[in-house]
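Asker: Given the coordinates of chain A, work out where chain B should sit on it, guided by the hints.
Keeping their order, the protein sequence lines are chains A and B. FYI, in numbering that gives the first Met the number 0 the residues of the first sequence are 0 to 408. FYI, in numbering that gives the first Met the number 0 the residues of the second sequence are 0 to 408.
Please keep in mind that the hints were generated in silico from the structure rather than gathered at the bench. Errors might be hidden in some of the hints.
A pair holds if it fits inside one copy or across any two, identical chains being indistinguishable in the list.
Said to hold, decoys possible - With a Cα cut of at most 20 Å, we get these calculated EDC-like pairs of lysine to aspartate or glutamate: (1) K332 x D48; (2) K184 x D206; (3) K171 x D331; (4) K332 x E180; (5) K313 x D10; (6) K171 x D258; (7) K332 x D309; (8) K184 x E320; (9) K171 x D261; (10) K313 x D4.
Number of protein chains: 2
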Amino acid sequence: MTSLDDVRALDAQDPLAGFRNRFALPEGVIYLDGNSLGARPVGVAERLDSVVRDEWGEDLIRSWNMHDWINAPRRLGGKIARLIGANAHEVIAGESTSVNIFKALTASLQLNPERSIILSETGNFPTDAYMMEGLAVLSGGRIRQSLVARDALEDALSPDVAALLLTHTHYKSGSLHNMAELTAKAQALGIPVIWDLSHSAGALPVDLNACNADFAVGCGYKYLNGGPGAPAFLFVAQRHHERIFPVLSGWLGHARPFDFDDAYEPASGIDRFQCGTPAILGMAALECGLDIMLEADMAAIRAKSRALGDLFIKLVETRLEGFELRSPRNADKRGSQVSIAHEHGYAIMQALIARGVIGDFRAPDILRFGFTPLYVGYEDVWTAVDRLASIMQSGEWRQDRFNIRAAVT
Amino acid sequence: MTSLDDVRALDAQDPLAGFRNRFALPEGVIYLDGNSLGARPVGVAERLDSVVRDEWGEDLIRSWNMHDWINAPRRLGGKIARLIGANAHEVIAGESTSVNIFKALTASLQLNPERSIILSETGNFPTDAYMMEGLAVLSGGRIRQSLVARDALEDALSPDVAALLLTHTHYKSGSLHNMAELTAKAQALGIPVIWDLSHSAGALPVDLNACNADFAVGCGYKYLNGGPGAPAFLFVAQRHHERIFPVLSGWLGHARPFDFDDAYEPASGIDRFQCGTPAILGMAALECGLDIMLEADMAAIRAKSRALGDLFIKLVETRLEGFELRSPRNADKRGSQVSIAHEHGYAIMQALIARGVIGDFRAPDILRFGFTPLYVGYEDVWTAVDRLASIMQSGEWRQDRFNIRAAVT
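Looking at chain A on its own, in the form it has when it is part of the complex:
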């Protein structure tokens, strides 16, 4: 049995331990939900205060130049690029993941104007499939959405498929797709792949260009610690830039937005995928998260993430009964999260949160735990399982207060 001393020894040797104090977490809380909303970086409140008081308040409209607000989408895109194996001029930050999915889907269709199927998998985080559905409705039947089970994906690749949209790390199980292999198989049939990196960027090494990826999108508020509703991002491989007329052709994607021409002329490169005016407050917070992430070694993040997940699984299996592992046991096939199932999962998670261990529940029976190596340590994992064991022994999760579902969980 792994003891408290054992995990403390692991923390003492952790090369990432110094990052813990770069994040402000509440006293006594073990936060295992950074895969849903990353923790607050130290310094973000001060940064926002400066953006609001000094930049917006004092320099007003001039801040678009004086404080380079106008380049925030490019600058942050360049920083994100370093985390996902892209070139700086292939990534742009802004808007929501959902809107960026729409941009990538419509761009893919332009690469394959004769094809009619947009393909994804069932049981994925739903916004991906939903955005496909809206596009299919808009097309009046010309474009058809197809969702197939994960193990049927390869068989569903065909010369009718205009785009394959996949989430690299599954939001619920944490299972990883093999990006290089699936990209190659799809491309062999002329199918560009859109990788949703929402649960991957900042959690594990991603090398889009090594995989010859076409498109990717991702979320700023999970492992990138950009704050609630942070700007998302879009990657478009350089080889595609000039072939695509952006469908969400907003003014900031114009070659010369301040000429106010009547006709749209796409900017060169990734800039054409900008649309509306960037959300500067959100950009400022996201940049704080990115700057910390860029100081860390991604290989060290991945090594610790694997170890934290392995430790969690081992402790759950030695100390608890009645839970079923719903994530890959093999860390090679797993992102930075572990899900376990229990028929009373909802109430158990509420009881655990009341004990200061925050994970989340996903219907119908999943308790999901995210391991964010920059601010979660080995002892945190040990304590989380210890409290879970205590809750199961005491039966406190049976209390009525833990069995009332809130509107949002």
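Answerer: Leaving out everything else, chain B in the frame of chain A:
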């Protein structure tokens, strides 16, 4: 000639004078660019600090419920609704104006599936036309964009037109369209109208439902003082809600987003027009701006706005030579801004900014001044024209430093 004493007497009687100290403006600056980026409300820095430290930092993921983040788009939409003559459940805040234009355009097409033309005017703020162009490209030729001059708009209305997109207050001249009249004329031919209220909301009374409006969009960072890149908004008349399958069908527009179903089922009412996760930091800042605006009487705002514009025109025409009025002289036909033209407009505006009067320049020759009645007074207008007269007399605008164009102006 209007004297300094005259304008001071007007300020002394101004029922809105008390709102000036609700905004934090730099000492010595006369800010006549609130039509581009509204000033910083007092309290917004403190509010953001609390959202960042207390809500994000302490309550973390639980804040979606505990601090009602999840309802921010609806709550802010309801507040905006009161400013534009809509019902609370007809407006949703979020995303950019450009993205909301796309939502409204694609919704309009669903009301008129057999029609092929989307109509707007030339010389408008370009993102409106650009978003139409992207949609036309996506349609593969089925949808055609048509831009006609303002005085040809009524003649261009025809039974082939699927949607008419117009900016209520022109971004450059400040000219107002007659919303009630144009809406009625278009609707008589079965054409829904999309009103872009970017330069109207918060600047003058708008009564969408009295005009039987179909759709509207608008900007959060101009007269609503929501901060740089603030969330925008979308109005959809209740009678259309259930007829529209949202094309940007993101997860937060689902009837039950936390069921994570594979199939999209639109939420009832305006909620279906939500798409991605809301930008909570931007929402928090925007709400500060809205709350101040809602304390003010819109009739008083409009009365002062007209008077400020009239005073500006009168002073320019009595004290300056070589400038040409490019806004309607009749305040009934003018929003809350006045544009004047001068062949050396760019350099003159730079020299004026150096003297602490901030307006903006719009190519090729327009000096644009916004009058935001909550924080601009009559003496400000007098002083602005006085400094402009001084610059013209001294010829200081001829200095080289005022003649170098920055990338963004």
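Asker: Does each hint hold? Answer for all of them.
Answerer: Hint check results:
1. Proximity of K332 and D48 under a CA criterion of 20 Å is satisfied in neither setting, with 41 Å inside one chain copy and 40 Å between copies.
2. Taking the shortest Cα distances, K184 and D206 sit within 20 Å of each other inside one copy (17 Å), while across copies they are farther apart (56 Å).
3. With identical chains, the CA atoms of K171 and D331 are at most 20 Å apart within one copy only, with a shortest distance of 17 Å there and 58 Å across copies.
4. Taking the shortest alpha-carbon separations for K332 and E180, only the intra-copy value of 13 Å comes in at or below 20 Å, while the best inter-copy value is 62 Å.
5. For a Cα distance limit of 20 Å, the shortest separation of K313 from D10 inside one copy, 17 Å, qualifies, whereas the shortest one across copies, 73 Å, does not.
6. Taking the closest pair of Cα atoms, K171 and D258 come within 20 Å of each other only across two copies (12 Å); inside a single copy the shortest separation is 46 Å, beyond that limit.
7. When the C-alpha separation of K332 and D309 is checked against a cutoff of 20 Å, the pair qualifies only within one copy, where the shortest distance is 12 Å, while the shortest distance between copies is 69 Å.
8. When the C-alpha separation of K184 and E320 is checked against a cutoff of 20 Å, the pair qualifies neither within a copy, at 41 Å, nor between copies, at 71 Å.
9. With identical chains, the CA atoms of K171 and D261 are at most 20 Å apart between copies only, with a shortest distance of 14 Å across copies and 46 Å within one.
10. Proximity of K313 to D4 under the C-alpha cut-off of 20 Å is restricted to the intra-copy arrangement: shortest distance 16 Å within a copy versus 81 Å between copies.
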